[in-house]
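Protein chains: 2
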Amino acid sequence: MTEPGITFELKRGSASGPRLGLLRTPHGEVQTPAFMPVGTQGTVKALSPDDLTRTGTQIMLSNAYHLYLRPGTEILEKAGGLHRFASWQKPILTDSGGFQVFSLSQYRKIREDGVHFRSHLDGSLHVFTPENVVDIQRSIGSDIMMVLDECPPYPSTYEYARKSLDLTHRWAERARARFAATEPLYGYPQSLFGIVQGSVYADLREESVRFLIDLEFPGYAIGGLSVGEPKEEMLKIVRLTAQMLPKAKPRYLMGVGKPEDLVEAVSSGIDLFDCVIPTRNARNGTVFTSEGALVIKNARFKEDFRPIDETCNCYACTNFSRAYIRHLFQAGEILGLHLATLHNLTFYHRLMSEMRSAISAGRFDEWKALFYERYARDREAA
Amino acid sequence: MTEPGITFELKRGSASGPRLGLLRTPHGEVQTPAFMPVGTQGTVKALSPDDLTRTGTQIMLSNAYHLYLRPGTEILEKAGGLHRFASWQKPILTDSGGFQVFSLSQYRKIREDGVHFRSHLDGSLHVFTPENVVDIQRSIGSDIMMVLDECPPYPSTYEYARKSLDLTHRWAERARARFAATEPLYGYPQSLFGIVQGSVYADLREESVRFLIDLEFPGYAIGGLSVGEPKEEMLKIVRLTAQMLPKAKPRYLMGVGKPEDLVEAVSSGIDLFDCVIPTRNARNGTVFTSEGALVIKNARFKEDFRPIDETCNCYACTNFSRAYIRHLFQAGEILGLHLATLHNLTFYHRLMSEMRSAISAGRFDEWKALFYERYARDREAA
Numbered sequence: 083m084t085e086p087g088i089t090f091e092l093k094r095g096s097a098s099g100p101r102l103g104l105l106r107t108p109h110g111e112v113q114t115p116a117f118m119p120v121g122t123q124g125t126v127k128a129l130s131p132d133d134l135t136r137t138g139t140q141i142m143l144s145n146a147y148h149l150y151l152r153p154g155t156e157i158l159e160k161a162g163g164l165h166r167f168a169s170w171q172k173p174i175l176t177d178s179g180g181f182q183v184f185s186l187s188q189y190r191k192i193r194e195d196g197v198h199f200r201s202h203l204d205g206s207l208h209v210f211t212p213e214n215v216v217d218i219q220r221s222i223g224s225d226i227m228m229v230l231d232e233c234p235p236y237p238s239t240y241e242y243a244r245k246s247l248d249l250t251h252r253w254a255e256r257a258r259a260r261f262a263a264t265e266p267l268y269g270y271p272q273s274l275f276g277i278v279q280g281s282v283y284a285d286l287r288e289e290s291v292r293f294l295i296d297l298e299f300p301g302y303a304i305g306g307l308s309v310g311e312p313k314e315e316m317l318k319i320v321r322l323t324a325q326m327l328p329k330a331k332p333r334y335l336m337g338v339g340k341p342e343d344l345v346e347a348v349s350s351g352i353d354l355f356d357c358v359i360p361t362r363n364a365r366n367g368t369v370f371t372s373e374g375a376l377v378i379k380n381a382r383f384k385e386d387f388r389p390i391d392e393t394c395n396c397y398a399c400t401n402f403s404r405a406y407i408r409h410l411f412q413a414g415e416i417l418g419l420h421l422a423t424l425h426n427l428t429f430y431h432r433l434m435s436e437m438r439s440a441i442s443a444g445r446f447d448e449w450k451a452l453f454y455e456r457y458a459r460d461r462e463a464a
Numbered sequence: 083m084t085e086p087g088i089t090f091e092l093k094r095g096s097a098s099g100p101r102l103g104l105l106r107t108p109h110g111e112v113q114t115p116a117f118m119p120v121g122t123q124g125t126v127k128a129l130s131p132d133d134l135t136r137t138g139t140q141i142m143l144s145n146a147y148h149l150y151l152r153p154g155t156e157i158l159e160k161a162g163g164l165h166r167f168a169s170w171q172k173p174i175l176t177d178s179g180g181f182q183v184f185s186l187s188q189y190r191k192i193r194e195d196g197v198h199f200r201s202h203l204d205g206s207l208h209v210f211t212p213e214n215v216v217d218i219q220r221s222i223g224s225d226i227m228m229v230l231d232e233c234p235p236y237p238s239t240y241e242y243a244r245k246s247l248d249l250t251h252r253w254a255e256r257a258r259a260r261f262a263a264t265e266p267l268y269g270y271p272q273s274l275f276g277i278v279q280g281s282v283y284a285d286l287r288e289e290s291v292r293f294l295i296d297l298e299f300p301g302y303a304i305g306g307l308s309v310g311e312p313k314e315e316m317l318k319i320v321r322l323t324a325q326m327l328p329k330a331k332p333r334y335l336m337g338v339g340k341p342e343d344l345v346e347a348v349s350s351g352i353d354l355f356d357c358v359i360p361t362r363n364a365r366n367g368t369v370f371t372s373e374g375a376l377v378i379k380n381a382r383f384k385e386d387f388r389p390i391d392e393t394c395n396c397y398a399c400t401n402f403s404r405a406y407i408r409h410l411f412q413a414g415e416i417l418g419l420h421l422a423t424l425h426n427l428t429f430y431h432r433l434m435s436e437m438r439s440a441i442s443a444g445r446f447d448e449w450k451a452l453f454y455e456r457y458a459r460d461r462e463a464a
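Here the protein sequences line up with chains A and B, keeping their order. The number in the numbering used here is simply the position in the first sequence, starting from 1, with 82 added. The number in the numbering used here is simply the position in the second sequence, starting from 1, with 82 added.
Treat the hints loosely; a few may be bogus.
[Unchecked claim] Straight line, CA to CA, 25 Å or less: simulated BS3-like cross-link-like pairs of lysine-lysine: (1) A:379 to A:340; (2) B:245 to B:318; (3) B:384 to A:160; (4) A:318 to A:245; (5) B:160 to A:379; (6) A:450 to A:318; (7) A:384 to B:160; (8) B:379 to A:160; (9) B:379 to B:340; (10) B:172 to B:331; (11) A:93 to A:329; (12) B:245 to B:191.
These are calculated hints, taken from the structure and not from any lab test.
Put together the whole structure using the sequences plus the hints.
Now the structure itself:
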């Protein structure tokens, strides 16, 4: 087995409730709770790596599924891994591709060995197994790799969720074994996180936590949420799962979410997040402010010469008006997508930073009450 | 009449042959010969103003036609002009909209009063007159404004070119009068340049130069070229027109061109250029190097881990490989458009800078020979 790639230091907090932590990786530190922007194809859409750093990004998420299909592992290996290929020197976490494959509208079939699917690019047939998904992430060279899991749809019957969870667990064991049997390719250690599944069933989630703890992963993700279940149900599962997870290891809530979801999940003890909302919504013209979201394309911003958010010091807010950014969207200019993305990620990272400060000062509840007081003015959230 | 907005100092050179100059504007100095990137809608596509500055841009061109239609002069005036609206603090030159209107495939009709046309956005009817085109550019607040002209198509009969030139001249007089009768809106003086027309007919070009010199513009553009005529014909007209223009005033060759065209036109005594080639070709995946142009999407760059241009120090070349930029184009990522644009403009500005150095050192001919020696390797120019 290789030396451990990441270490996690819990600076404040406990198993449940908001936590302040420090995640150390071969590519630098991540102060948690932290948000990971999604760079599906090795780049966060509409930003350069320098821009991404300027937003306050500490760690980027990238998708094994997309990178496996294009540019492919051969080119990634020849480039010396994704950090070098994409010129991103901070940490990278890659998902396992499971979620992407299960979201495919094309052919996909779940078998014991893995998941058989057709590429969304050219229809070619592929198989993801717990083993080759580890291998793919070795080729990518991500600091944190994820095991292949099955993400059951919502709603799923108890019987289906039960069967699916058993498969996910067998796959987790196989991924763990493959990880132990292989070496990193680029001279720095990598880490493999487990993924808790179990749909919305509390006993399955509990069983999943126990099973994965036995496999001793250096970190745990909560998967299978934000797939259509009611928000209350999602937050309930997050709460009960987080409190069962080992206190000393980082917890990552996959694919969540809106600003208010992050606040709630941090309240429940989540350390890491990823979501396409800040970047995708930016490209659709929705920008986040401390008072709620704005649809910047709306005619009411035509002559609004204030910045997106008076309290934000990002490049977009310190140089451009809502009226100008609206003009860029109306005119179909790429700069509009760029500025909105830059702002939204800055907003997300500032939100996380505020939460870290509040936890550090022992005033998270006060901060949270203030957040809702301001953010409740939201009338246009996408 | 308002105080003169620009001044031009000829530092080296004469009426004909390569010239080194310094153009002073209310928004800063421009070392000539200079290339002006095209920011049609108030933004150079795929770049922020900060990025644009990083490429070495000294002055941006913007299109009166597009800005008049969207966002419109009312918003531009409320914003305090284009410099403030677009957060571009360096000089701006605006074309008169004439060329855009004459390029419209929709309805357009040239009359004595001006040109009647339908908007390409919504089909609405508009009229550009020599007078309102000055007014529009007052609203934009460009440092250098252009008169409304008629750009005759190629080929045009002598008779048509003759008639068209007379109209262009009557319009130039009217524009000059309107300019003298109006004041700038934003506290700094603006300047109005005349445009030499005459199609490919030497005597008409000569007549046009004489006519415009009498109107005493602070600078002169050569228009109506690069519209389909053979390159040799274009360069011949540039040569003969440039040498007739007043030595002490800046000359601007509109809409030209490829790197080799800039070299030839500088040889003939041109000081200013604008063209969409570096930015449009970038977005189509064609990048310029000191050895010629490359179509970066080509499969042969799949595993080419060298920068676009080994000798370039732009952000794209110092951080990314041809293989990665190709990946971005294959994957449809905006970052590809951004990096290619950044590089191409850096290349164009470096080319101009090299020419300025060579002129300054009295070695332009040597430099030009070396340029062709390297650049002749070009096998893929778009």
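Tested hints:
no. : hint           : verdict
1   : A:379 to A:340 : holds, 20 Å
2   : B:245 to B:318 : holds, 22 Å
3   : B:384 to A:160 : holds, 11 Å
4   : A:318 to A:245 : holds, 22 Å
5   : B:160 to A:379 : holds, 18 Å
6   : A:450 to A:318 : holds, 18 Å
7   : A:384 to B:160 : holds, 11 Å
8   : B:379 to A:160 : holds, 18 Å
9   : B:379 to B:340 : holds, 20 Å
10  : B:172 to B:331 : holds, 20 Å
11  : A:93 to A:329  : holds, 11 Å
12  : B:245 to B:191 : holds, 15 Å
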